[in-house]
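**Q** Listed below are the residues making up each chain.
Protein chains: 2
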Amino acid sequence: MSEHGALQDLVILDLTRVLAGPFCTMMLSDMGAQVIKIEVPGTGDDTRTYPPFRKNKDGKQESLYYANINRNKKSLTLNLKSEEGKDIFRRLVKKADIVTENYRPGVMDKLGLGYEELKKINPRLIYGSVSGFGNTGPYRLRPGYDILSQAMGGLMSITGAVGGPPTRAGSAMGDILGGLHLAIGLLTAVHARTLTGQGQRVDISLMDSVIAATENTAIKYLESGVIPPRMGNRYAAVSPYDAFQVKDGKIIIAAGNQRLYEKLCNDVLHRPDMIDDPRFTDMEGRLKNQDDIQAVIEDTLGELTMDEAVELILSKGIPAGPIYDVSQILDDPQVKAREMFIPMEHPTLGSITVNGCAVKLEDTKPSVRTPAPALGEHSEEILSSYLGLSPEEVAQLREKSVL
Amino acid sequence: MSEHGALQDLVILDLTRVLAGPFCTMMLSDMGAQVIKIEVPGTGDDTRTYPPFRKNKDGKQESLYYANINRNKKSLTLNLKSEEGKDIFRRLVKKADIVTENYRPGVMDKLGLGYEELKKINPRLIYGSVSGFGNTGPYRLRPGYDILSQAMGGLMSITGAVGGPPTRAGSAMGDILGGLHLAIGLLTAVHARTLTGQGQRVDISLMDSVIAATENTAIKYLESGVIPPRMGNRYAAVSPYDAFQVKDGKIIIAAGNQRLYEKLCNDVLHRPDMIDDPRFTDMEGRLKNQDDIQAVIEDTLGELTMDEAVELILSKGIPAGPIYDVSQILDDPQVKAREMFIPMEHPTLGSITVNGCAVKLEDTKPSVRTPAPALGEHSEEILSSYLGLSPEEVAQLREKSVL
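Taken in order, these protein sequences are the chains called E and H.
When we follow my numbering, the leftmost residue of the first sequence carries the number 1, and every step to the right adds one.
When we follow my numbering, the leftmost residue of the second sequence carries the number 1, and every step to the right adds one.
Same shape as in the complex, but just chain E (with noise of 0.2 Å):
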C-alpha cells in the first residue's frame, strides 16, 4: 500500500464550511482521500476567520481552527455563480468520485448544480450532503447550526444537573455527529458502487444525527412514559457510577454491580460493613442512598490526588478514572502512545499542533501530511493536472475572478 492510504484513489470535491462536513472531510483525508476544497474566490471558507488566531509570518490573523480541520486538503477558488464556473465545476465532476455540500437544501440546485444534474454528468458520482435537518420534511429550508440540533435532537433534555437546566454538550457534538454519519453515508455508497456501477445521493441531517445519538432514551421514554430527567453524572440504574471529589480534581469510579461494590467496600473504603448495611445491600438500596455512599467515599479518598486515587482504585479491579480538562489530556501518555494531536510545520503559521485522527487502520494508517492551504494554493495545480488548462488559461479566469 502506498504512503497515502486507504482512500488514496477516490476525488472528493468539497463544498462544505466551517465544521460539519470539512470535520468528515478532514477524516477522509487523514485515510487518503484527494480532498479538493473548493472555496468562495477572495474570502474561502467562514473559518478562515474563526479564532484561535496567531500573527503569522505576514504579522496577520491567521486561524488555527482553519488550519487544524483542513490539513491534508488542497484548495481550489471557484465562483460558482459564474457561468465559467459552473463549467470548471461540472468539468471536475466528471473526474470526481464524490461531491460533498452543506448548504441549505435547494441552493445547489438553484446554482444549476443539483444531484439531478451532475449525475448526468456523471452516474458514479456519490453526492454527500449534511444540513440542520436533512433534505427532506416540513424543516429541510429551515437554517440550522449545531445547537439547535443538540436542542432538538433531545441531547440537551437529558444533559445537565439534576434540577437544573437543559445543557448542551461543550462541543459542537451536532456538527461531529453530523460528519461522522456523513463520512459512514458515503464510503457506504462507494461500496454500493461496487455493487452497482451507480452513485447516488447521501442525505445527513444534524437533528437526525443528534437522536440516533440519545441511542436508547425513546425506548425507555415509550415504554414507561417518564421523559427521563436530567441525572448530572449518574445513572438511571447503577450506583456508585459517578464522579466524586478527591484532593485535586474530580475522579469517576464506576461500581456498576454487585461484585465491585463489594470491593470497593472490601478493598478501597476498608469499610466492609457497608455490604450488609440494610441502606446498600442491593442496587435499589444503593441507587436510593447514594449521597451516604458518596459521602463515605469522598471522606475516605479526599485526601488522595486524582492519580493516587485512580492508581489505587484500578489496582483493586474497579474501573476508575480520572475527570481530565484539555491540559491534562495532552499531558496523558495513553493520548500520546494514540498519537491523538500531531505536530506540524505550516508555512506561514510556523509550528502547530492538529488533531489526530481516531480511526486507527494499521496497515493504511491514516497520517497528517500537508498543511491546510491558503486560499486557492492549488487553483493552479488542479486546473492543470485535471482539466489540462494552461497557465495563461488560469491567469485569465483570475482576471475575470472566476477563480
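To be clear, the hints were calculated from the coordinates, so they are not data collected in a lab.
Bear in mind the structure is a predicted one, so any value in this text is a computation, not a measurement.
Using N, Cα and C, we set each Cβ at its ideal position, and we do this for glycine too.
A hint or two may mislead.
[Stated by the list, open to error] Here are the simulated lysine to aspartate or glutamate pairs, DMTMM-like style, with alpha carbons at most 25 Å apart:
1. H/K94 with H/E311
2. H/K400 with H/E377
3. H/K55 with E/D282
4. H/K220 with E/D331
5. E/K57 with E/E377
6. E/K86 with E/E392
7. E/K288 with E/D276
8. H/K247 with H/E284
9. E/K86 with E/E393
10. E/K95 with H/E223
11. E/K220 with H/D325
12. H/K263 with E/E392
13. E/K94 with H/D363
14. H/K55 with E/D325
15. H/K220 with E/D58
16. H/K95 with E/D363
17. E/K400 with E/E83
18. E/K60 with E/E377
19. E/K247 with E/E362
20. H/K220 with E/D332
21. E/K55 with H/D282
22. H/K336 with H/D325
23. H/K247 with H/E311
24. H/K316 with H/D363
25. E/K263 with E/D277
26. E/K220 with H/D282
27. H/K95 with H/D307
28. E/K336 with E/D325
29. H/K365 with E/E116
30. E/K57 with H/D363
31. E/K220 with H/D332
32. H/K119 with E/D363
33. H/K94 with E/E362
[Unchecked claim] Beta-carbon label-pair distances, calculated as ranges:
34. E/I227 with H/T370: 29 to 37 Å
35. H/V40 with E/G350: 18 to 26 Å
36. H/G163 with E/V40: 34 to 42 Å
37. H/A237 with E/H270: 28 to 36 Å
38. E/I227 with H/A161: 17 to 25 Å
Assemble the complex: chain E is given as a structure, and chain H must be docked to it using the hints.
**A** Below, chain H without anything else, positioned relative to chain E:
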C-alpha cells in the same frame, strides 16, 4: 439494487456486546450487511438483561434495549472456550469479511482467536475492535466504560453550567462515538481491500473517539493557555446565541452576527434602540452584557409558547428552535418525515418501536427488516448454510454445550 441495501455482500461475525460495537453493527445491518451476532450460550449479550423491559408473550421480562440495538441481526450461540467452538468460529472466519469484538485487548489472543491467527485463515479478513483505550499504549488493559471515556476524553470538562461541576453528555456518547468511528474504520478497510486484496486490523478507542469529538478545544487551549471553562449553553465568541425561557419551555436563538442581531432587535424585540446602545454595539459588548440582552428577550417573548416564539423568530429569518424533550421529538413532524423511529412487530414482545438509521442513502435505503433475534435463534440456519452442518451435527453440538 436488491432490497437489502448497500452492504448486502458483507458478512460480519459480531462478537461485540452492550452498546459501542452493537451500535456500529446495527448501522451496518440497517444498510444491508449480514450480521451474525455470536453470543455466549445460555446468557448472550449482557443487554438481554438491561432495562427497559416488557413482559413478553411467555410472561417473562424481556429487554427492549436489546430488541432496539440488535434488529436485523442473526444470533448464533457459540462457546469460544471450547475447542469445537473455536473450530466453528475459525471455519466461519473463512467465509466472513469482518470480525468485530469489544473484549479487553488480549482476550481474543488468549483464546487463540486474535487477529494474527485469524488472518492466517483468511488474509482478506477485516478485524475491528473497540475498547476503552485501544489496543496500544499504557492504558490498553484498563477497563473501559462510556463514562470513563467522557471523563478522560475531556468532554465532561467542557460540559455543564457556568461555575458548575464537569458533566457528562446524557446519553452514552462515548460508546456512540466509538461505534461511529468503528463503522468508518471498517468501511474504509473494506475499500482498502479492493485496492490491496488484504484485510487489516481497525483499532478504535472510546477515549480517542471522545477526544476527536472535542474538535478544536485543545487547539484553543494550546494557543491561549486558558483551560476552556464550562459555559452552560453559551459560546465563547458569539452572543446572543443561547437558550431562552418562554412560556412553556426553553428555546434556542442563534443570532450570531451583526446582521442577525439587528434583525432580532428590529423585527422580533421591536427595540431598535438596542442596536446603538453602547453596551451592545459590537460582539465584544454583547458578550460582556449578555445577561441584559437575555432579560429583554425573555421579557418580550415570555408570554409566547415555544412553538409561537420559534415560528415568530424564524419568520424574521433568524435561526431558532425549541429545546425538545423526548416526547416532543417523537411527536415532531420532521422526525416523522425522516423516519427516525420505526414501528415493528417482534415475535415475543409484540408491537415495538426501534430507532431509525440516520444515514440516509437515497438509492440503497437503510431498512429495519427483521426483529432482534432470540438467543441462538439462527444457530442451525447459520451452521447449515455457511458450514453445511446437518441437523444431527447441530444437535450434537448443542448437547455438548458448544452452542
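**Q** Decide, hint by hint, whether the structure agrees.
**A** Against the structure, the hints come out as follows:
1. For a cut-off of 25 Å, the pair hint linking H/K94 to H/E311 is broken: about 57 Å separates their Cα positions.
2. Proposed proximity of H/K400 and H/E377 is supported: the alpha carbons are some 18 Å apart, at most 25 Å.
3. Between H/K55 and E/D282 the alpha-carbon distance is near 23 Å, which keeps this suggested pair within the 25 Å criterion.
4. Between the alpha carbons of H/K220 and E/D331 the distance comes to roughly 16 Å, so the proposed pair stays at or under 25 Å and holds.
5. Of the supplied pair hints, the one linking E/K57 and E/E377 holds, its CA atoms being roughly 17 Å apart against a limit of 25 Å.
6. For the proposed pair E/K86 and E/E392, the alpha carbon gap of about 19 Å is at most 25 Å, so the pair holds.
7. Only pairs whose Cα atoms come within 25 Å are accepted, and E/K288 paired with E/D276 is accepted, the gap being roughly 16 Å.
8. This hinted pair does not check out: H/K247 and H/E284 have alpha carbons roughly 30 Å apart, beyond 25 Å.
9. Annotation: proposed proximity of E/K86 to E/E393 holds, straight-line Cα distance about 16 Å (limit 25 Å).
10. Between E/K95 and H/E223 the CA atoms are separated by roughly 39 Å; this puts the pair beyond 25 Å, and the hint is violated.
11. Of the supplied pair hints, the one linking E/K220 and H/D325 holds, its CA atoms being roughly 13 Å apart against a limit of 25 Å.
12. Taking the CA atoms of H/K263 and E/E392, the gap is near 46 Å; set against the 25 Å cutoff, the hint is violated.
13. Restraint check for E/K94 and H/D363: the C-alpha separation of about 20 Å stays at or below 25 Å, so the hint holds.
14. This hinted pair does not check out: H/K55 and E/D325 have alpha carbons roughly 44 Å apart, beyond 25 Å.
15. For the given pair, H/K220 sits about 21 Å from E/D58 by alpha-carbon distance, which is consistent with the 25 Å threshold.
16. Proposed proximity of H/K95 and E/D363 is supported: the alpha carbons are some 22 Å apart, at most 25 Å.
17. With a CA separation close to 11 Å, the supplied pair E/K400 and E/E83 stays within the 25 Å bound.
18. With a C-alpha separation of about 17 Å, the suggested pair E/K60 and E/E377 falls inside the 25 Å cut-off, and the hint holds.
19. The straight-line distance between the Cα atoms of E/K247 and E/E362 is roughly 40 Å, outside the 25 Å bound, and the hint therefore fails.
20. For a cut-off of 25 Å, the pair hint linking H/K220 to E/D332 stands: about 18 Å separates their Cα positions.
21. For a cut-off of 25 Å, the pair hint linking E/K55 to H/D282 stands: about 23 Å separates their Cα positions.
22. Proposed proximity of H/K336 and H/D325 is supported: the alpha carbons are some 15 Å apart, at most 25 Å.
23. Between H/K247 and H/E311 the alpha-carbon distance is near 14 Å, which keeps this suggested pair within the 25 Å criterion.
24. Note on H/K316 and H/D363: the hinted pairing is violated, with a Cα-Cα distance of about 36 Å set against a maximum of 25 Å.
25. Our distance criterion of 25 Å between C-alpha atoms is met by E/K263 and E/D277, whose separation comes to about 15 Å.
26. Restraint check for E/K220 and H/D282: not satisfied, since their Cα atoms lie roughly 45 Å apart, outside the 25 Å limit.
27. Restraint check for H/K95 and H/D307: not satisfied, since their Cα atoms lie roughly 54 Å apart, outside the 25 Å limit.
28. The hinted pair formed by E/K336 and E/D325 meets the criterion: a straight-line CA distance of about 15 Å does not exceed 25 Å.
29. For the hint linking H/K365 to E/E116, the alpha-carbon distance of about 18 Å falls within 25 Å, and the restraint holds.
30. A threshold of 25 Å between alpha carbons decides the hint, and for E/K57 with H/D363 the separation of about 49 Å lies outside it, so the pair is violated.
31. Of the pairs offered as hints, the one joining E/K220 and H/D332 holds, with about 18 Å between alpha carbons and a cut-off of 25 Å not exceeded.
32. Our distance criterion of 25 Å between C-alpha atoms is met by H/K119 and E/D363, whose separation comes to about 13 Å.
33. Proximity of H/K94 to E/E362 is assessed by CA-CA distance (about 21 Å); at most 25 Å being required, the pair is judged to hold.
34. Remark: the range hint 29 to 37 Å for E/I227 to H/T370 is upheld by a beta-carbon distance near 30 Å.
35. Roughly 54 Å separates the CB atoms of H/V40 and E/G350, a value that falls outside the hinted 18 to 26 Å.
36. H/G163 and E/V40 have their C-beta atoms about 40 Å apart, which keeps the hinted 34 to 42 Å range intact.
37. For H/A237 paired with E/H270, a C-beta distance near 49 Å fails the hint of 28 to 36 Å.
38. For E/I227 and H/A161, the hinted distance range of 17 to 25 Å is satisfied, since their beta carbons lie about 20 Å from each other.
Violation of the numbered hints given earlier is confined to hints 1, 8, 10, 12, 14, 19, 24, 26, 27, 30, 35 and 37; the remaining hints are satisfied by the structure.
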